[in-house]
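Could you put together the complete structure from these sequences and hints?
2 protein chains.
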Amino acid sequence: MDLQTIRVELQASPYPVIIGSAALLSLGDQIRGLGFKAGTKVLLVTNAVVEAHYGASALQSLSEACLDASTLVIEAGEDQKTPATVGLIHDAAFARRLERGSLIVALGGGVVGDMAGFAAATWLRGIAVVQVPTTLLAMVDAAIGGKTGVNHPGGKNLIGAFHQPRLVLIDPSSLATLPEREFRAGMAEVIKYGVIGDPELLAELEASGPQLASLNTLSAELLQRILVRSAAAKAKVVAADEHEGGLRAILNYGHTLGHVVETLCGYGTYLHGEAVGLGMLAAGEISLAMGLWSASDQARQRTVIAAAGLPLAWPALNPDAVLACLQGDKKVREGQVRFVLPTGIGRVEIRSDVSEATIRSALASCA
Amino acid sequence: MDLQTIRVELQASPYPVIIGSAALLSLGDQIRGLGFKAGTKVLLVTNAVVEAHYGASALQSLSEACLDASTLVIEAGEDQKTPATVGLIHDAAFARRLERGSLIVALGGGVVGDMAGFAAATWLRGIAVVQVPTTLLAMVDAAIGGKTGVNHPGGKNLIGAFHQPRLVLIDPSSLATLPEREFRAGMAEVIKYGVIGDPELLAELEASGPQLASLNTLSAELLQRILVRSAAAKAKVVAADEHEGGLRAILNYGHTLGHVVETLCGYGTYLHGEAVGLGMLAAGEISLAMGLWSASDQARQRTVIAAAGLPLAWPALNPDAVLACLQGDKKVREGQVRFVLPTGIGRVEIRSDVSEATIRSALASCA
Chain P
3 MDLQTIRVEL
13 QASPYPVIIG
23 SAALLSLGDQ
33 IRGLGFKAGT
43 KVLLVTNAVV
53 EAHYGASALQ
63 SLSEACLDAS
73 TLVIEAGEDQ
83 KTPATVGLIH
93 DAAFARRLER
103 GSLIVALGGG
113 VVGDMAGFAA
123 ATWLRGIAVV
133 QVPTTLLAMV
143 DAAIGGKTGV
153 NHPGGKNLIG
163 AFHQPRLVLI
173 DPSSLATLPE
183 REFRAGMAEV
193 IKYGVIGDPE
203 LLAELEASGP
213 QLASLNTLSA
223 ELLQRILVRS
233 AAAKAKVVAA
243 DEHEGGLRAI
253 LNYGHTLGHV
263 VETLCGYGTY
273 LHGEAVGLGM
283 LAAGEISLAM
293 GLWSASDQAR
303 QRTVIAAAGL
313 PLAWPALNPD
323 AVLACLQGDK
333 KVREGQVRFV
343 LPTGIGRVEI
353 RSDVSEATIR
363 SALASCA
Chain G
3 MDLQTIRVEL
13 QASPYPVIIG
23 SAALLSLGDQ
33 IRGLGFKAGT
43 KVLLVTNAVV
53 EAHYGASALQ
63 SLSEACLDAS
73 TLVIEAGEDQ
83 KTPATVGLIH
93 DAAFARRLER
103 GSLIVALGGG
113 VVGDMAGFAA
123 ATWLRGIAVV
133 QVPTTLLAMV
143 DAAIGGKTGV
153 NHPGGKNLIG
163 AFHQPRLVLI
173 DPSSLATLPE
183 REFRAGMAEV
193 IKYGVIGDPE
203 LLAELEASGP
213 QLASLNTLSA
223 ELLQRILVRS
233 AAAKAKVVAA
243 DEHEGGLRAI
253 LNYGHTLGHV
263 VETLCGYGTY
273 LHGEAVGLGM
283 LAAGEISLAM
293 GLWSASDQAR
303 QRTVIAAAGL
313 PLAWPALNPD
323 AVLACLQGDK
333 KVREGQVRFV
343 LPTGIGRVEI
353 RSDVSEATIR
363 SALASCA
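Chains P and G, in that order, give the protein sequences. Residue numbering for the first sequence follows this note's numbering, starting at 3 and increasing by one per position. Residue numbering for the second sequence follows this note's numbering, starting at 3 and increasing by one per position.
These are calculated hints, taken from the structure and not from any lab test. Treat each hint with caution, since some may be false.
If several chains are the same, the list does not tell them apart, and a pair holds so long as it fits within one copy or across any two.
[Stated by the list, open to error] Below, simulated SDA-like cross-link-like pairs (lysine to any residue); rule was C-alpha separation at most 20 Å, straight line:
no.: 1; residue 1: K238; residue 2: R9
no.: 2; residue 1: K158; residue 2: F96
no.: 3; residue 1: K39; residue 2: Q62
no.: 4; residue 1: K158; residue 2: R98
no.: 5; residue 1: K158; residue 2: G79
no.: 6; residue 1: K238; residue 2: E77
no.: 7; residue 1: K39; residue 2: L294
no.: 8; residue 1: K39; residue 2: G103
no.: 9; residue 1: K39; residue 2: L27
no.: 10; residue 1: K158; residue 2: D93
no.: 11; residue 1: K43; residue 2: L160
no.: 12; residue 1: K158; residue 2: E101
no.: 13; residue 1: K43; residue 2: S72
no.: 14; residue 1: K43; residue 2: G128
no.: 15; residue 1: K43; residue 2: Q338
no.: 16; residue 1: K238; residue 2: L325
Structure below.
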C-alpha cells in the first residue's frame with residue numbers, strides 16, 4: 003500500500019504525518035528528506051517489548067540512511083512516566099553527545115512518545131524529535147500535536163511542554179504485535195474524532211460493526227482509512243490551536259470524566275482509551291440531561307463504543323469523590339469545570355455551566 | 003525617576019522590560035496591566051536572602067493589586083540548580099493548585115530566574131512567568147530572552163527550554179543589597195554589549211572609568227542608562243533570533259572560553275561574569291592573533307574590564323584540558339568549536355576556523 007501524507011499546517015513548524023504499511027522501513031530516508039545530513043546523531047528511544055519487535059528494523063533503516071543511530075531502552079509503564087525516567091534519557095543524550103542538530107526518535111506507545119518528546123523538548127533547550135507510534139492510541143492521538151510530558155504525584159501529565167515533532171511516521175503493520183485490548187482502547191479515540199467533528203467517519207465505524215474490535219477482523223484498507231482520517235482530524239485541530247488556547251480543548255471530549263475514572267480506579271485498572279470511552283458516554287448523558295443532543299445520538303455513540311468492544315458500564319464510584327476529583331483536573335479554568343459536550347454527531351460545545359446535580363444524574367445513568 | 007520601557011518585539015509574544023527605581027512597588031499593577039484578573043494565583047519564587055530584603059514589598063504589591071499570591075523560598079546556589087529543585091517548584095505549583103491562567107514570578111538572581119522560568123515552562127505545558135531580577139547580571143542578561151534551565155551532571159544549562167516571560171521588571175534599587183563582587187561581575191555583560199554591538203555604550207563605560215566598579219560610585223542616572231541600553235541590546239538580538247538559530251549566538255561572546263574557566267576551576271571559584279570577562283579577553287587575543295582586530299581595540303576592551311574591577315589574568319590551566327573542555331561545550335556544531343570573535347568595538351563575527359595553535363597562543367598571552 004502506498005504511503006499517504008497528512009500535513010500538520012503549523013505556521014512556524016509544519017510537519018508531515020506519513021501513514022502506510024512498511025513505513026517503518028523508510029524511517030531513515032524520511033528523516034534525511036527533512037534535511038538531516040549524513041552522520042547526524044540519532045537517539046532511538048523505545049521500550050523492551052517494542053525494541054524486540056521493531057528495534058532492529060528501525061535501527062537498520064536509520065543506519066542505511068547514514069545516520070549515526072543508537073538505541074536507548076527505557077521502562078515505559080505509566081508508573082515510570084516520571085521526571086526521573088526523562089533524566090535517564092537526558093543522561094543518554096549527554097553520553098552520546100547529542101548536539102543541537104541531533105535528533106531523538108520515539109519508537110513506541112504514548113508513554114515512550116511523551117517522555118522522549120519531553121526529553122527532546124528540554125535537552126539543550128529543545129532538539130528535534132520524530133514520533134514513530136506503535137500503538138493505535140499513539141497513532142491516532144498522542145504522536146500528533148506536540149504534547150509531551152510526564153506525571154506528577156498530584157496528577158497525570160502535569161509536567162510537560164508543547165514540542166512539535168518534525169515528522170510522525172505511522173506504520174500500521176506494527177499493530178500486529180499490539181495486545182487486542184490495547185487495540186480496542188485506541189479505537190475509543192477514533193470514535194471521538196467521529197463524534198466531535200467527522201460524521202462520515204462515525205458512519206463508517208457504525209457500518210463496520212463488530213469488526214472494529216480486532217485487528218484480525220478489520221480490513222487493511224479500512225484501517226488505513228481510519229488512521230488517515232483520524233490524523234487529518236487531529237492535524238486540523240492542532241493547526242488551528244497549537245497551544246490549546248481554545249478549539250483544541252474539543253480533543254478532550256471524554257477525557258475530563260475519563261481522567262476521573264483513571265484516577266479513582268487507580269491507573270491501570272482501565273486503559274486510557276477505555277476510560278475515554280466511559281467519559282464519552284457520561285458526557286453524552288450530560289448533553290442528554292441538558293437537552294443538548296438527542297437520545298438517538300447518544301444511542302448511536304453507545305452502539306459504536308460497544309462495537310469496538312469497549313466497556314459500557316461505569317464503575318461504582320462515589321459521586322462525591324467524582325466531583326472532588328473534577329475540581330482537581332487541570333482543565334479547570336478559574337474554578338469552573340469545563341466540559342466538552344456533544345450537540346450532535348460531529349458537533350461539540352465547551353460548557354462550564356454544568357450543574358453538580360446534572361453531573362450526579364448523568365453518573366447515575368451510566369452505572 | 004520615571005520608569006522606562008524597552009519592548010522585546012517577538013512576533014508571537016512581545017513583552018515589555020520595565021526599568022526604573024521603585025519599579026518593584028508597581029509589580030502587582032504591572033501584572034494586572036498585562037490582563038491578569040483580580041484573584042489570579044501567583045507563586046512568587048525567591049531565595050532566602052532576596053526574600054528577606056524584597057519579599058514583603060513584592061508580596062504587598064501583588065496583594066494590593068488583588069492577586070492571590072504566596073511565596074516559595076528555594077535554595078538557589080549554582081549547585082542547587084537541578085531538576086530536583088525544579089521539582090520542588092512543581093510541588094508548590096500543585097499544592098497551590100496553579101491553573102493554566104496562573105503565574106509564576108521569579109524574584110532573584112539568574113539561578114532563581116532560570117529555575118522558576120523552567121518550572122513555569124514545564125508546568126501544565128507552560129504557564130506565564132514574570133522575571134524580577136535582583137542582580138545586575140540577571141537584569142542585563144538572564145532575565146531577558148526566555149532562556150530557562152538547570153544543570154546536568156555533564157554540564158551547565160544542558161536541561162532547559164525557551165520560555166519567554168510576559169514581563170521583565172528591573173528595579174535598580176534592589177542592587178543596594180548586592181555584594182560588590184557580584185555587581186562587578188554583572189558589569190562584564192554590560193561591557194559585552196558594548197563590544198559586540200554598541201560602541202557608544204562602550205565609550206560611555208570608558209569615560210566612567212573606575213566608578214564602574216561599585217554601585218556606590220556609579221550615579222543613578224548612569225546606572226539607569228546602562229540598564230536601559232543593555233536591555234535594548236539584548237532585546238534587539240532576541241527579537242531577531244528567538245531560539246538562538248544564528249544571530250543570538252553573538253551574545254555568547256566571552257562565554258565559550260568563560261565556560262571553560264568555570265568548568266576547569268570548579269563552579270564558584272570565579273563568578274560567571276568574572277569568567278566571561280576572562281573569556282572576552284581570550285577571545286580578543288584570538289582575534290588579535292588572527293588579524294581580526296587591532297591591539298588598540300584589545301587594549302580598550304582590557305581597560306574597561308580593568309575599570310570594572312574584574313580579573314584580568316587567566317588562571318593557570320593546562321592548555322590540553324582547555325581544548326578537551328571546549329570540545330564538550332554545547333555550542334559545538336558538528337564537531338567544530340564556534341567562537342564569537344570581535345572584529346572592532348561594536349562588531350563581532352562567528353568563526354569555526356580557529357586553529358588549535360591559535361587557541362594555545364591566545365591562552366599563553368592571557369596568563
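The hints, checked one at a time:
no.: 1; hint: K238 / R9; verdict: within (9 Å within a copy, 33 Å between copies)
no.: 2; hint: K158 / F96; verdict: between (27 Å within a copy, 12 Å between copies)
no.: 3; hint: K39 / Q62; verdict: within (17 Å within a copy, 55 Å between copies)
no.: 4; hint: K158 / R98; verdict: between (30 Å within a copy, 17 Å between copies)
no.: 5; hint: K158 / G79; verdict: within (13 Å within a copy, 30 Å between copies)
no.: 6; hint: K238 / E77; verdict: neither (32 Å within a copy, 44 Å between copies)
no.: 7; hint: K39 / L294; verdict: neither (54 Å within a copy, 31 Å between copies)
no.: 8; hint: K39 / G103; verdict: within (9 Å within a copy, 41 Å between copies)
no.: 9; hint: K39 / L27; verdict: within (18 Å within a copy, 52 Å between copies)
no.: 10; hint: K158 / D93; verdict: between (24 Å within a copy, 13 Å between copies)
no.: 11; hint: K43 / L160; verdict: between (30 Å within a copy, 17 Å between copies)
no.: 12; hint: K158 / E101; verdict: between (30 Å within a copy, 14 Å between copies)
no.: 13; hint: K43 / S72; verdict: within (8 Å within a copy, 44 Å between copies)
no.: 14; hint: K43 / G128; verdict: within (15 Å within a copy, 28 Å between copies)
no.: 15; hint: K43 / Q338; verdict: between (46 Å within a copy, 15 Å between copies)
no.: 16; hint: K238 / L325; verdict: neither (32 Å within a copy, 49 Å between copies)
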